[in-house]
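For reference, the chains in residue letters:
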Amino acid sequence: MTRFFRVGAYAVGLIGLFSAFSYFGIPQLVPEPPPVEEQVSSAMTTEEFVAVGARIYARVCVLCHSGLGDRAPKLDAVAAAWRDRIGDPRYRGSATTLEAYLRESMIEPSAYVVKGFGRPGTGDSESPMPEATKGALALNPGEIDAVIAYLQSAAGAQVTVVPRAGLAAGADRPTAEPSIGEKAPDVVAALQKFQCNTCHRLPGLATEEEAQPPGPDLREIWRTAAKRVAGMNARDFLTESILFPNKVVAKNFESGLMPEGYGDRMLVAELLMIVDHLAREH
Amino acid sequence: MRALASMLLFVLVLVAFEAALSLAPWHEGAMAAAGAPAVEATAAQPGAPKLTVADYPRYRGFDSRLTVWIAAQLHLFFAAFVLGVPIFVLVIEFIGWRNGDPRYDRMAHEFIKISMGAFSLTATSGGFLVFALAVLYPGLFAYLTRIFGPVMMLYALLFLAETACLYAYYYGWDSMQGRRKPGHLLLGLALNVVGTVLMGLSNSWATFMMAPSGVNSQGVFAGNVWAAVAGPLWTPLNVHRFLANIAYGGAIVGAYAAYKFIAARASEAKAHYDWMGHTANGIAVVAMLPLPFAGYWMTKEIYAYSQQMGITLMGGVFAWLFIIQAVLIGTIFLAANFYLWCGMARLDGANRTAHLVKYIAGVLVICFLVWFTPHTLVMTARELATIGGAYHPVLGPLGVMSAKNTAVNIMILATFFTYQLFRRSMVRSTRPWMARASRFQVAFYVAAVANIIWLGVYGYFVPANVRIGLSVPQVMTTLLVIVVCVVVDEVIASRSERIGMVHWGRMPARAQYALFTLAVAFTWLMGLMGYIRSSIRQHWHVYTVMRDGSVDAFTPTIGHATAIVSVCTLLFLALILFVFWLSGLDRARPAPAGLAEAEATP
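For the record, the sequence lines run as chains Y and L. If you read the first sequence in the numbering used here, its first letter stands for residue 1, the second for the next number, and so on. If you read the second sequence in the numbering used here, its first letter stands for residue 1, the second for the next number, and so on.
No false leads were mixed into what you were given.
Here are some, though not all, of the chain Y residues that point toward chain L, as calculated from beta-carbon distances under 10 angstroms:
| no. | residue |
| --- | --- |
| 1 | Ala11 |
| 2 | Ile15 |
| 3 | Pro27 |
| 4 | Leu29 |
Cut-off 25 angstroms, straight-line C-alpha distance, at most; resulting in silico cross-link-like pairs (SDA-like, lysine to any residue):
| no. | chain 1 | residue 1 | chain 2 | residue 2 |
| --- | --- | --- | --- | --- |
| 5 | Y | Lys134 | L | Ala222 |
| 6 | Y | Lys115 | L | Val462 |
| 7 | L | Lys50 | Y | Pro33 |
| 8 | Y | Lys115 | L | Val466 |
| 9 | L | Lys358 | L | Ile499 |
| 10 | Y | Lys115 | L | Gln307 |
By construction, these hints were calculated from the structure, which means they are not laboratory data. Using N, Cα and C, we set each Cβ at its ideal position, and we do this for glycine too.
Generate coordinates for the entire structure from the input sequences, incorporating the hints supplied.
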């Protein structure tokens with residue numbers, strides 16, 4: 001019986017080791033939730049529309065178009081490259097503008113395949129990219145427009161698409177949770193929307209001097225943000241502190257006080273506004 | 001060595017048969033997936049249902065996904081075991097019949113006895129899985145039934161045939177000896193053929209969910225069942241599972257032999273179970289050697305089917321799971337080699353080669369570390385921020401496939417070299433040509449390793465599609481070394497002088513823990529890889545065709561997933577211990593005399 005328990009304990013210990021390595025040796029990333037259908041409204045500003053496109057891009061496109069350029073072409077220089085591409089003898093599409101080229105690339109990816117990125121064995125005549133309106137991606141026309149707006153904006157070109165209402169194609173996805181709400185019009189509204197001033201003293205927002213907020217005073221964070229983590233500039237540090245508040249905790253403050261999850265509730269534009277505001281000299 | 005060579009040959013024949021199926025002119029799977037004439041949705045041909053949370057019954061205390069996950073994983077563990085064991089049992093029985101050695105017959109019978117005990121648990125877990133699917137995921141089950149109904153009926157009939165073959169094979173063992181032995185071997189062959197077909201049929205349901213074929217983008221079934229069965233991932237998965245089942249079966253019966261060895265008091269029994277453990281370890285290792293290449297093929301086909309799915313697998317959050325996989329495979333290689341090194345103690349002439357073991361261990365550890373190194377973990381911006389970059393600035397280059405392919409090929413060669421040392425420890429070169437042949441083998445090893453490393457380095461300077469192709473000459477180099485060295489060793493062994501004997505049973509108890517390690521690591525690894533294969537569908541029941549509308553339509557964290565894998569492994573090991581205990585209740589056959597000091601026939 002002792003033998004039996006010894007062998008059993010060895011097996012359980014080994015399983016425990018594998019589990020422990022998986023828990024403590026590997027980052028416990030929370031995978032992205034299933035995609036939802038973005039709601040596009042004709043009342044959106046161009047900035048909001050671009051932000052919707054940025055969200056879709058981050059969720060759907062960046063897995064391949066990561067910016068490293070190893071799995072799919074980088075898209076930051078597409079504004080400069082599209083004319084050469086449509087003039088290439090290998091081009092099989094009909095686009096005459098950047099907007100049309102981007103739309104065509106998403107709906108009919110094999111119309112032009114950047115050299116070296118074709119399906120193996122096809123001589124770069126067939127793209128491995130799935131059609132963005134079908135299959136696992138299934139973007140609706142409004143979402144395609146938003147991605148075009150984002151790509152134009154990111155490439156430094158003029159945004160030529162405008163948000164149009166009623167373009168949802170009834171993709172097989174639930175619509176986005178409305179809880180994110182409308183974008184805060186300015187940074188003060190954004191800080192109030194997320195109740196940052198409940199726990200922090202903030203530049204541009206009055207707080208009672210007698211009150212002792214539970215979080216660090218951020219009125220002069222612009223002086224120290226760039227020095228907090230080696231190799232990280234002020235904007236990166238602030239972005240990380242909002243998205244992952246417990247990664248670097250200020251001295252004399254406990255870990256776990258600031259809630260996680262702002263990354264899921266904040267619009268990209270709101271995050272950028274807040275980071276800009278805190279990083280700027282006051 | 002002869003037994004292992006026969007085993008390898010048998011496996012290669014069956015793999016070739018599987019591959020030939022995919023090349024047959026009536027194989028339409030890939031064509032259907034690549035865009036065969038589209039099927040128009042009509043009222044008479046409903047597509048895949050669009051499910052909402054309300055379509056999934058919930059029962060208090062039951063987590064639907066966990067229930068199905070655990071039931072499926074347990075069924076797969078048992079199924080892999082009962083399908084893998086009869087394959088090598090047949091080979092061992094055949095060898096015993098041809099050379100007239102009763103030890104082989106006894107060992108084969110003991111192996112199949114364990115498999116018999118596990119068979120009913122396979123059926124029980126399979127039944128539980130079907131009921132769980134039908135009750136908890138009725139929409140998905142109905143859709144799959146609509147497409148695979150005829151296949152499911154065929155599966156049920158073949159399961160009956162499998163049961164009949166297994167019972168006749170097991171209970172007819174003693175009565176079908178002597179002149180009736182060929183008939184018994186044919187029964188064993190029928191058992192394996194039916195088992196392999198059963199595996200292929202059930203694999204088709206899994207591969208359909210990953211890469212649907214025979215349906216259009218709305219999930220409308222065209223009516224051609226074969227097109228739905230023979231999807232683009234079907235053949236690679238069949239080959240991968242076929243090989244993995246053998247390796248897994250070997251690992252589990254190795255644990256059985258190890259336990260019996262520790263428990264045995266009589267030297268004859270110790271000798272028998274030592275030999276059994278040695279054979280089981282050999283089976284597990286031989287079947288495992290081609291597994292990485294079967295895995296590469298499977299992954300290549302996943303990329304060919306959907307680059308998005310491929311990148312999700314290898315470059316998204318799942319990429320981290322391959323780091324865990326590397327740890328497990330490193331554990332398996334090191335445990336298998338450790339067992340072999342301990343096994344040198346059985347040999348009288350092992351001192352001549354013992355000093356080489358430390359170098360082999362060093363090579364294995366270095367290769368393991370290369371395999372363990374991650375490279376591009378392409379993720380979302382949020383994940384990249386968490387990790388702090390896509391790859392390590394210094395060690396990152398070691399994480400690409402060129403380095404990993406090189407590492408795994410050298411690991412395989414190092415493991416084979418250990419086997420060769422075991423074999424060569426018992427012979428002494430008596431003629432000058434034998435020394436020359438040995439020098440030729442050394443030169444061949446050096447040239448092969450140089451070639452493998454050169455191809456690996458060359459891979460950094462060529463485009464990705466050329467780089468992937470370089471894995472083929474690397475594998476061929478490894479296989480060539482193994483084949484040539486086996487032939488040369490056989491020639492030398494048949495014409496040289498034997499020095500000493502193999503003392504079966506002269507083995508330290510700690511070596512048996514290496515066999516337990518193999519069984520646990522294999523089981524855990526299977527659970528992990530099963531999770532990865534299944535979850536790269538993400539929030540789809542049937543990828544791109546039928547969305548998962550349940551509350552569980554999300555990918556769990558790595559920690560949560562591996563905790564479930566651990567629970568499944570514990571449950572399986574507890575149940576298989578029960579099977580071992582059951583098989584011990586049967587009156588054991590007496591150990592054949594003279595095994596304790598027998599000639600090595602590994």
